[in-house]
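Novice: Listed below are the residues making up each chain.
2 protein chains.
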Amino acid sequence: MSVEVERKFLVTSEAWRAGARACRIRQGYLCLGADATVRVRLADDAAFLTVKSRTEGISRAEYEYGIPFADGVAMLETLCTRPIIEKTRHFVDHGGRTWVIDVFGAHNDGLVVAEVELGHPDEVVDLPPWAGEEVTSDPRYRNSALVSAPLGSGCDI
Amino acid sequence: MSVEVERKFLVTSEAWRAGARACRIRQGYLCLGADATVRVRLADDAAFLTVKSRTEGISRAEYEYGIPFADGVAMLETLCTRPIIEKTRHFVDHGGRTWVIDVFGAHNDGLVVAEVELGHPDEVVDLPPWAGEEVTSDPRYRNSALVSAPLGSGCDI
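Protein chains in written order, with the numbering used here: chain F, 1 to 157; chain S, 1001 to 1157.
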């Protein structure tokens, strides 16, 4: 188990793209309960099953396990809530931290969100110039919420 | 992924107890969705995370992964739906098959159910003398249902 502490921002420009490393993600949810979510994620050629607790402030418990890729594909295709989330994840170094920038596709096409993971909720973060509005506490930007209420171009936010 | 095909019976006597091997199980559910259930199980000193599809007839897809015991304990205590299911599982050989007999405790105290796993739904099964009413297709006897509607002594069934 790890405790995930992260802050999340909308992205205002393309300046982060230079030198970013990318991986392709497809993910869905086996459940979206009040206390826990269970996610199936395919990241390039790896698959993971992840249990997350309800968010407490900006932190939550996370339990992640690598699983056979074929299991991940099968669960995503047959057991996960529709629609599946598709995004390209980019890793960008800034201010001594690695930022994660998710460029969403499919139903959330046009949405770009940057996240940075912290060791502690009160850590000071050097914000990159392309980090816009902070949406850490906005439930609409949770990936689990993007299944039931996508935020793609043309959707009302 | 494996496909689970099993038949389930109520148990009518104690004759199965001689020579049975036992293990102590505590389990709970992270989700009880229409398409999938996600179960956390502690079996003696091992822990498992198990995803099962909705039952189709008497078979269902099952994906089971061993996880660190401490993770299992933490998820069971903090994330699973109450109450937790407690039972002692006994393994009994009969007619060339291994039968599993679950003696429930806690909220389902008094309930004893025998299950046998098959390779195919149409396989002929040599029923042991202590196997009573078949409840394979009775949704009340699913472990997931025993959380929300326990069948312990004093409960109406």
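In short, the hints are calculated from the structure, not lab data. Do not rely on the hints blindly, as some may be mistaken.
[To be verified] Calculated from the model, a selection of chain F residues having no Cβ within reach of chain S, i.e. all distances over 12 Å:
hint	residue
1	VAL5
2	GLU14
3	ALA15
4	TYR29
5	GLY33
6	THR37
7	ALA43
8	LYS52
9	TYR65
10	ASP71
11	ALA74
12	GLY119
13	VAL124
14	ARG140
15	ALA149
16	GLY152
[To be verified] With beta-carbon atoms standing in for the labels, derived distance ranges:
hint	chain 1	residue 1	chain 2	residue 2	range
17	S	ASP1045	F	VAL125	39 to 47 Å
18	F	PHE69	S	ARG1024	27 to 35 Å
19	S	ALA1015	F	GLU6	34 to 42 Å
20	S	PRO1139	F	ARG24	17 to 25 Å
21	F	PHE91	S	ASP1122	33 to 41 Å
22	F	THR98	S	PHE1048	30 to 38 Å
Bear in mind that the values here come from a model prediction, so they are computed numbers and not experimental data. Note that beta-carbon positions come from the ideal geometry of N, C-alpha and C, so glycine has one too.
Novice: Now, for every hint given, state plainly whether the structure supports it.
Specialist: Right, here's what the structure says about each hint:
1. VAL5: 17 Å, holds
2. GLU14: For F/GLU14, whose nearest Cβ neighbour in chain S is about 38 Å away, the distance exceeds 12 Å, so it holds.
3. ALA15: About 39 Å separates F/ALA15 from the closest Cβ of chain S, which puts it past 12 Å; holds.
4. TYR29: 9 Å, violated
5. GLY33: For F/GLY33, whose nearest Cβ neighbour in chain S is about 5 Å away, the distance does not exceed 12 Å, so it is violated.
6. THR37: With a cut-off of 12 Å, F/THR37 comes too close to chain S, as the shortest Cβ separation is near 8 Å.
7. ALA43: Given that every Cβ of chain S is farther than 12 Å from that of F/ALA43, nearest at about 17 Å, it holds.
8. LYS52: 9 Å, violated
9. TYR65: 6 Å, violated
10. ASP71: Given that some Cβ of chain S is not farther than 12 Å from that of F/ASP71, nearest at about 5 Å, it is violated.
11. ALA74: Check fails; 6 Å does not lie beyond 12 Å.
12. GLY119: 20 Å, holds
13. VAL124: Given that every Cβ of chain S is farther than 12 Å from that of F/VAL124, nearest at about 30 Å, it holds.
14. ARG140: 22 Å, holds
15. ALA149: 18 Å, holds
16. GLY152: Per Cβ check, F/GLY152 is outside 12 Å of chain S; nearest 24 Å; holds.
17. S/ASP1045 <-> F/VAL125: 39 to 47 Å: 41 Å, holds
18. F/PHE69 <-> S/ARG1024: 27 to 35 Å: 34 Å, holds
19. S/ALA1015 <-> F/GLU6: 34 to 42 Å: 57 Å, violated
20. S/PRO1139 <-> F/ARG24: 17 to 25 Å: 40 Å, violated
21. F/PHE91 <-> S/ASP1122: 33 to 41 Å: Because 52 Å falls outside the window, the suggested range is violated.
22. F/THR98 <-> S/PHE1048: 30 to 38 Å: 33 Å, holds
Of the hints listed earlier, those the structure fails to meet are numbers 4, 5, 6, 8, 9, 10, 11, 19, 20, 21, in rising order.
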